[in-house]
Amino acid sequence: MRTKRVAIVGLGKMGILHASIVNAMPDAKVVAVSDKQKGLKNQVVSMGIKGAFYESLEDLLARESIDAVIACVPSSVNVYIAKICAARKVSLFLEKPLANNLENALSIYELGKSSGIKNAVGYSVAHIPTFAKAAEIVKDGMIGKIVSTKAKAYLSAVFSKQSTWQYNKRVAGGGCMMAIGSHLLFIMKMILGMPVKVKKAKLNYKYNEVEDEADIEMEYKDGSEAKIDVSWSIHGYQDTLFELEIEGTKGIMIVNNNEILIYSQKKKEQKESAPVLRVHSFQLKENTHFNLGGPGYGAQDLEFIQSLGNVATAKSDWLEGLNIQQILHSIYESSENKGPVAIHEIIP
Amino acid sequence: MSVLEGTSNISPKYAKQFAEKFSSDENVKIFIGQLYSMGFGKIMSPYNPILINSIKDLGLEHKIEILPIVPNVSQFVRDMTNYGAVGAGIRRLKRISSLPGLISLGLTGIRHLPQIAMKDFKAAICIMTHMEMLELNKLNPKVVFLHKQMTDLALANDNKEFFSFFSSFVRKKYNIEPGFMTNNMQILIKKLKEWRINAKYIAAPINRYGYCMNPNKAEIEKIIKEGGIVTIATDVTTTSVPQGEDLKYLKQLGIDNAIFEIGSASDAYAFANILKK
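Protein sequences appear in the order of chains P and L.
In case it helps, my numbering puts the first sequence at residues 289 to 636.
In case it helps, my numbering puts the second sequence at residues -2 to 274.
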């Protein structure tokens, strides 16, 4: 099998992670890298990431033969990267979220559709084994019909005003919802399906111009409701916690990064009794060639690279990314208008 | 001892408990004292000034064996996200409390850390390691482990020079052995052999589930049985108190060393009883 030639755009923390995961693959290699900061060239070479360095993606693609680009840049830049790659028919993986706003996300999706390039967006949570297993359990009806869900995404990261691009509304599109809330929405869509309405959204701007906390209520087609709590300004969470507590007619399921707990009793007070089933992440296999960066990353990159040249598509392709962007857009709109907003799923 | 950092691979409930409990210096000191009194005399931990001070305050410097993990990546990555690579380096420097420590680094090194970090990854890691070892070395460690994120980053990129440099640095600077934490044991051992790098201390997930034992459990078991390395098992159990089955699995492989996330005196006591059996 021919070695896939991959380029990395953006040499921050995520770019270095993706480059390393690709370099660990037997059938792929990073052959070129790009970043506006010329000074990063020596740093990545000293890390062992050896590829031709370019300050622009246009130059890179003009001079190198590339099968796929992995872009780890501010989300407002994603649409420009997508235009360049679509024009040259180069497959593209964009770090999440798909874009900084719905308009750009739609443009990216249309570019993918019209060019036919393989595409993916970096919702690595799609590959965290506990969430995939939880989706199976719900689908199999073990907890019955869904009644309600409580979901949370917590991280102890922001406790003062910040100045990098992640906290700039125009560039990032938003704060904790874009950064960690979007991952939670992806997990929720995987397990519960697409919501149909944001009933209420309250965003809290504690330190920055982007939201630091979010309190959201959503509704689903089957009539069930979800309450979502997101914060990157909460103590006690050195690693990001994603957790869902799903109440069904036959039982309650709690799922997070590490474990799935199923309780047979329906009543909340009885949830403290021992679960009837506990599945730990150690018991679930992740389909990856190399463990780096945490669960999901290796499997995500492997899936994308393996999809090149065949009919397979990524679990988190641009259509999925667009639908998550739809939900995010509705949340921000509901927060501004202080009222409910309908969510429309994009179906090809 | 990720418990002191407020993280856990067992469950988020424990992670939160650890984060709350060990935010108090006094709680850390009490806990270390309790562990020692139950016969637990080895602690594997990233650089943690509260832990170091607790061990010293309890007069246990020569009684508790510390297995340092360097550098403390979690904090650096958090700082890098918020302050950029240069800002993260500066914040790390500010945490060095002792003047002799700063002098040991060399004022040139301090001034140039950001530039060094930008140009030479291995030098930056060694400077960060040295910043932490200034205090950790006072506890007389015999082995110092490279953090798994750094090991695996270098391994993924086939960075022989980095492994060679780090091993040599640790031996020359501290006269102790280098160890490597990894989530990719099979690949690491294969590469160390290929590169003829003499490093026999490896800390990696070894458990009866096969979690993080790529490509599969059988291959990892074969490597362990071949011998020649000192394996320290991590991620051994899915429960707060390791079960007899977990320990039986390690024993079958001839593994004498393992790291457990113990975050309370009651769990430590229960574990001590299981070990006695």
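Honestly, the hints are just simulated from the structure, not real lab data.
Keep in mind that a hint or two might mislead.
[Stated by the list, open to error] Within a straight-line C-alpha distance of at most 30 angstroms, the following computed DSS-like cross-link-like pairs (lysine-lysine) qualify:
hint, chain 1, residue 1, chain 2, residue 2
1, P, Lys485, P, Lys317
2, P, Lys317, L, Lys188
3, P, Lys317, L, Lys116
4, L, Lys10, P, Lys490
5, P, Lys292, L, Lys13
6, P, Lys301, L, Lys157
7, P, Lys324, L, Lys13
8, P, Lys438, L, Lys157
9, L, Lys13, P, Lys515
10, L, Lys10, P, Lys317
11, L, Lys116, P, Lys338
12, L, Lys60, P, Lys421
13, P, Lys317, L, Lys214
14, P, Lys573, L, Lys187
15, L, Lys135, P, Lys488
16, P, Lys487, P, Lys433
17, L, Lys169, L, Lys139
18, P, Lys292, L, Lys157
19, L, Lys13, P, Lys338
20, P, Lys317, L, Lys187
21, L, Lys60, L, Lys135
22, P, Lys490, L, Lys13
23, P, Lys317, L, Lys190
24, P, Lys338, L, Lys190
25, P, Lys301, L, Lys116
26, P, Lys338, L, Lys197
27, L, Lys13, P, Lys477
28, L, Lys157, P, Lys326
29, P, Lys329, L, Lys188
Hints, verified against the model:
| no. | hint | verdict |
| --- | --- | --- |
| 1 | P:Lys485 - P:Lys317 | violated, 43 angstroms |
| 2 | P:Lys317 - L:Lys188 | holds, 18 angstroms |
| 3 | P:Lys317 - L:Lys116 | holds, 22 angstroms |
| 4 | L:Lys10 - P:Lys490 | holds, 26 angstroms |
| 5 | P:Lys292 - L:Lys13 | violated, 42 angstroms |
| 6 | P:Lys301 - L:Lys157 | holds, 21 angstroms |
| 7 | P:Lys324 - L:Lys13 | violated, 39 angstroms |
| 8 | P:Lys438 - L:Lys157 | violated, 47 angstroms |
| 9 | L:Lys13 - P:Lys515 | holds, 21 angstroms |
| 10 | L:Lys10 - P:Lys317 | violated, 39 angstroms |
| 11 | L:Lys116 - P:Lys338 | holds, 14 angstroms |
| 12 | L:Lys60 - P:Lys421 | violated, 45 angstroms |
| 13 | P:Lys317 - L:Lys214 | holds, 27 angstroms |
| 14 | P:Lys573 - L:Lys187 | holds, 23 angstroms |
| 15 | L:Lys135 - P:Lys488 | violated, 56 angstroms |
| 16 | P:Lys487 - P:Lys433 | holds, 21 angstroms |
| 17 | L:Lys169 - L:Lys139 | holds, 13 angstroms |
| 18 | P:Lys292 - L:Lys157 | holds, 23 angstroms |
| 19 | L:Lys13 - P:Lys338 | violated, 40 angstroms |
| 20 | P:Lys317 - L:Lys187 | holds, 20 angstroms |
| 21 | L:Lys60 - L:Lys135 | holds, 13 angstroms |
| 22 | P:Lys490 - L:Lys13 | holds, 25 angstroms |
| 23 | P:Lys317 - L:Lys190 | holds, 23 angstroms |
| 24 | P:Lys338 - L:Lys190 | holds, 23 angstroms |
| 25 | P:Lys301 - L:Lys116 | holds, 15 angstroms |
| 26 | P:Lys338 - L:Lys197 | holds, 28 angstroms |
| 27 | L:Lys13 - P:Lys477 | holds, 26 angstroms |
| 28 | L:Lys157 - P:Lys326 | holds, 25 angstroms |
| 29 | P:Lys329 - L:Lys188 | holds, 25 angstroms |
Going down the numbered hints, you'll see the structure goes against 1, 5, 7, 8, 10, 12, 15 and 19, while the others check out.
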